[in-house]
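K.L.:
Just need the whole structure built from these sequences, with the hints factored in.
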Amino acid sequence: MDFSDTAEEAAFRAEARAFLDANAARKAASARGYRSRALDAQAIGESRLWQARKAACGFTGIHWPRRYGGRDGTQMQAIIFAQEEARYDVPVNIFNQSVGMAMPTMMTWGTAEQAGRFARPALFGEELWCQLFSEPGAGSDLAGLRTRAARDGDDWVVNGQKVWTSNAHFAQFGMLVARTDPSLPKHQGMTFFILDMRSPGVEVRQIRQISGTSNFCEVFLSDVRIPDHHRLGAIGQGWAVALTMLANERFVVGEAEGPGAEDILAFAESATLDGQPALQDASVREKIADWYVQEQGLKYTRLRSQTALSRGGVPGPEASIAKLVSATKLQQIAMFGVDLLGQGGAVMEPGTAPLNAWFQEAVLYAPGKRIAGGTDEILRNIIAERVLGMPPDPRADKGIAFNEIPTSAR
Amino acid sequence: MDFSDTAEEAAFRAEARAFLDANAARKAASARGYRSRALDAQAIGESRLWQARKAACGFTGIHWPRRYGGRDGTQMQAIIFAQEEARYDVPVNIFNQSVGMAMPTMMTWGTAEQAGRFARPALFGEELWCQLFSEPGAGSDLAGLRTRAARDGDDWVVNGQKVWTSNAHFAQFGMLVARTDPSLPKHQGMTFFILDMRSPGVEVRQIRQISGTSNFCEVFLSDVRIPDHHRLGAIGQGWAVALTMLANERFVVGEAEGPGAEDILAFAESATLDGQPALQDASVREKIADWYVQEQGLKYTRLRSQTALSRGGVPGPEASIAKLVSATKLQQIAMFGVDLLGQGGAVMEPGTAPLNAWFQEAVLYAPGKRIAGGTDEILRNIIAERVLGMPPDPRADKGIAFNEIPTSAR
Amino acid sequence: MNFDFSADTTAMREQARRFLSDRIAPGTVRRQAESGAPFDAALWSDMARMGWLGAAVPEAFGGAELGYEALCMLAEEIGRTLAPVPFSSSIYLGAEALLLFGTPAQMRRWLPAIADGSVVATLALAEGAGEPAPANIAARFAAGAISGRKLPVFDGGAAGIVVVAARDATGSIGLYLVERGPGVVAHALRTLELGGSAVALDLDGAAAEPLPGATGWPDVMRLLERAAILFAFEQVGGAQAALDMAVAYARERFAFGRPIAAMQAVKHQLADIYVAVELARSNAYHGAWALDSGGGDGAAATARIAATVAYERAATQNIQTHGGIGFTWEADCHLHYRRAKRLSGQIGSARFWRNRLIDILSARNVRGEPDGLQ
Amino acid sequence: MNFDFSADTTAMREQARRFLSDRIAPGTVRRQAESGAPFDAALWSDMARMGWLGAAVPEAFGGAELGYEALCMLAEEIGRTLAPVPFSSSIYLGAEALLLFGTPAQMRRWLPAIADGSVVATLALAEGAGEPAPANIAARFAAGAISGRKLPVFDGGAAGIVVVAARDATGSIGLYLVERGPGVVAHALRTLELGGSAVALDLDGAAAEPLPGATGWPDVMRLLERAAILFAFEQVGGAQAALDMAVAYARERFAFGRPIAAMQAVKHQLADIYVAVELARSNAYHGAWALDSGGGDGAAATARIAATVAYERAATQNIQTHGGIGFTWEADCHLHYRRAKRLSGQIGSARFWRNRLIDILSARNVRGEPDGLQ
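Chains as they are written, first to last, in our numbering: chain A, 189 to 598; chain B, 189 to 598; chain C, 28 to 401; chain D, 28 to 401.
If you're looking for bench data, these hints aren't it; they were derived computationally from the structure. Watch out, some of these pointers could steer you wrong.
[As the list claims (entries may be wrong)] Listed next, the stretches of chain B that the computed footprint assigns to chain C, with coverage defined by at least 3 CB atoms under 8 Å from CB atoms of chain C:
hint	stretch
1	314-323
2	475-483
3	507-516
4	562-569
5	577-588
Think of the CB as a built atom: it goes at the ideal place given N, C-alpha and C, for glycine as much as any other residue.
P.N.:
Here it is, written out as structure tokens:
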């Protein structure tokens, strides 16, 4: 049990650091507080440039095959690069889904032509991908999706509505799953497509969240034509393709960002309760200690799973644990930070609320973290079923034709 | 909104107090700490005498009809008497189930002969009743009971096993529900009986609980014969009769007994943490305040429901709320009391552990309180379904013959 | 014993609920907030007309004198609907301060105007972060004028008069009436709440007259304790509304071929919320009794803690039960969540009231039934 | 990076698990406790034979020198099976105190006997209620003898030697070796745990020799911090066992025609327990690294807090999942519940370790990675 790199790992880490030092600045040590990072044209441009630079130097798609522009590296190298990159002040990363989820799925299920056409532009940040899965009536129950794709000659004609799609308003392509045969049971009648987001009939609207920001979009599809050679996998195989993409998500999603135990601890050192430093209050200490213990637990759980990955293992339930614990903790810390301010807690005025209103902003965005990318409840189900081997929920939609499944009380 | 009695209530309260003053001593003010109350022959004898005295003076079965020895009084009078009796040091009450549950069920479903035969001896403490409902395979799922009663001439022959029966080892009679037709769906094939506990084939064994005490029994029934005139209600009506009895339970069950917020507060005033009174510790204060707030909430919820009862309402979900909240709170307070003792917390030696090891004893008996009489989970289901109108759990046992319902994975 | 609202109040509740549900549809509150207006003036004057603003104000001062039980009920209904009006500021804090501590002349001058809605009042106690405490009051009163900075002052943008907590030359804390005018500058303040008109109030020699009945910090606490009970009813109303929204949505929303309300995870979470709301309601009832009778050691703190916890939990769970739609701007879930968090801190956080409760409990030298029970 | 047990330790774990599962069947631990014997002597000597008791003892002192990683693994397996032996007292506390603070002569005298199981050691730190702290040590050492009352002393009924914390004439706190003999009277003590041989130890001029390496309270804390990591592994093992029991029972037990494991209420509660156990395990791993490397600011407190919380929660939930059968004497659920609560308080409660953790974190003047990460 040790934290030292192997010789190979150390060599790669040095290489990564050299690249980063040459191309980016280290983060300032005192970066604590709320930073609003609007995804405007400039931010997207910077993100694309950084992606292209990494691609050119072999620091993205690290475990992709060389023939698609990758490095043929290891999962461990990808992890090491991510560790190192996190120390630098680099542009926002909008290519996670493209590189970590969309293209690996393309390589698994696509034809050589498809992967050959799409992999490199994605890697170099020339084409951005989004994921067109969820629908207004199919969130936790993703396989309940109703967007229809009907065959028409060499094309498919798609009608329906997708939702919770990140980056849809500036993505060039989408990974789309749609229902091609509603008379089959739920999981059997789906097919997977590559959607050119510039196709006629695609309309993207941003969704405003509680916090006022818009990280997600709705995508309306009206008689959108997709050529059959943009089908990914066989007809009726859509669910299996979608599962591949979701499995890759486990490599990509991380913990909910926001004020953590160290942040609230630093704040409690400076804040005052009844004339004393708040950190002398036993209840404050107790809560912060428990959050710190959770964070350390997540960190070492991640290291355990990285160890397993480095030995050729597959990702386990760590991503579910990390999301479940970190989103709940984020909300607790945010609420608590506001409480510590007493009568002033509700104030969000940047100059007045401490840390640029970090706790207040987090109060507003934390609820979304407990829902998007798998609700707390779905994550608990996943852990109970996949890890503990407990039976699935009783299913009212099993073995019957999709179009006979109840969808409302009426 | 006021706490004053109406003139009638005040008159009854005065009458009750006069009776109590004449027959019992007031409780000492300082009664804090663990008291083990073994149900030995002496305790049972005292309980019977007190029951007989109350019956003779009209202070039990207060809302029973006069023809069965009751007072024809109101629910409110019964509540007032209970409030007053709680201030006196009276013997343990083992007749709650007899008077509050068994006989009201008898009066609802029994023949005039049955009620005439059994009501008065129960009221005067001459005959004690127990409830033979739960089985090893039928706890939360009570209707899953498998004890069989088969008709044989004028008798029924009963075979099976009951469990979690309070007082079975010194009860004269039991209220028994058994399955008379396993080919019918679950809720339809049951019938209700009066069981003479001295019948051949009845074997009672006490169950030892975690705490070492034995408040419950197992009852083994081997070819026990019950005459048909001891059937209560029609053949196949057993579930309806059982539900009547369970509905009456809501008048009877109270909050889990044990150290409460005021007790832990008094203890924290005298105990020391890091050289300070424990009650100065912010975390201690916070927890005690929350428990106190819960207790007050339960108390005023009870008063609200008593107000409704006094106006002719029926009991609502208060009993479920009270049990759910109080049992959980009891376990939390007990655990916390032990924690406050630090390294000495595990010690249960009566002379050494504070309050005669009240917190430690409560740690051991609290888990049972969260299970017996309805688990936390069943209570939440009851609240969600009966109060909030949420749908029942999906049922795997609905509309199929009882003997075809899965009972194991094998 | 009668531990329920009177028949009169219950009848009035039905009217109030009908009125408010006619006036406030889903989206109304959000659109009101987005409009930038500090409150819904038409709704406010209708409330005045129905006597709500003067519910606890004697007829002699232009009030409807319906009593505190009625006011508690109205607070609950307003909390339930999130009615975009400065009710809590003007009534629980402004009118109450005048009733408790004002001279007859002050009451004659201001209470009729508060009751008819022509003047909005509010309280300026806080000076930034911190719980209500003498140490957190720096504003100074001297020679008929106050200087200092007060924030947040809720509904300060709408208020014509402000009850300001300040110290006099001896350091003693009192309450002072300040009218909008010279030396009073209000800066709009962004808060967690959507809408309203919270401000930071810069007082620079603003003309102020004492409310002479308030002779020190204990009087400020008396005001806060009475207000805490009214806030508790508002919070209970909000919590109930959030719970109702969650239950209704869970029954409608289908996943896996079944309403999500049939899933134990959803059922049990909402059962727990129901329990929290029900306990908070019962504690608020006890508070209502204490408000009317002056009894009930710790009743205000108990009601306030339970209500704060219940509303925060209910509002948070409501979003979670709604899933994706729950954290969108267009769904109204966040209105309760924001309001719950704003109300949590105003007049002191749960932490503040827990501390106060423990102080009260441990100071009781004679244990007994402090609530008037026989 | 390698954040896992070594292949050697993993292989040894398999053997250990097989051995323990052969020896400890359901009911074994309860019957052992009911027998009144202080521990299972046969099991103890087999453990000695396999080198477990001397796992972290150098070969020079009769140990097997398997290392701390192996000891951590053994602690976890022993926790899992509730093996009725004085392992924690004799090894984490007794042998560790000698290794840290003993003279070579003391080590030569006692470590081989501890390692071969012929002598059981334990620590006498507590003097009734209270967390580990200098203020809670009244026992006095003077002129080669100790007087004072120590309780609870776990496994004190089985112990041949006791490491006693006491103050010398200068008030400084040290650790002293006391053998059973004149001036040492042990009174059996009923505790929450079933079985074992906890005692109150009355020392009245009992002959004692200093462990000279322990020169004050910080050294006592050093011992407790190392022990805390080993206790954490024992707790994680117990928590995992309780979780496993609950999951197995839930899959077997049918209600309403379905295994109760198919109900979300049960699934989600156990998922939460799994998460707590997994986080505690990861923190314990970091503790193991710190134990071996001497690094890891706060690693002991972090591991201990997580493990205490996880074991209490898992043991409590295990009873709840079992329903009625869960709170009977014959079901073994209560053994974990009792053990969890005993381990919670020994060497200081979660409260104590949380305070220590915050002290450590706020004392860090240079923030950074304190765990040896690159």
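K.L.:
Each of the hints needs a verdict: does it hold here or not?
P.N.:
Here is how each hint holds up against the structure:
1. 314-323: violated (count 0)
2. 475-483: holds (count 6)
3. 507-516: This one holds; 3 residues, not fewer than the three required, reach chain C with a Cβ under 8 Å.
4. 562-569: holds (count 4)
5. 577-588: holds (count 6)
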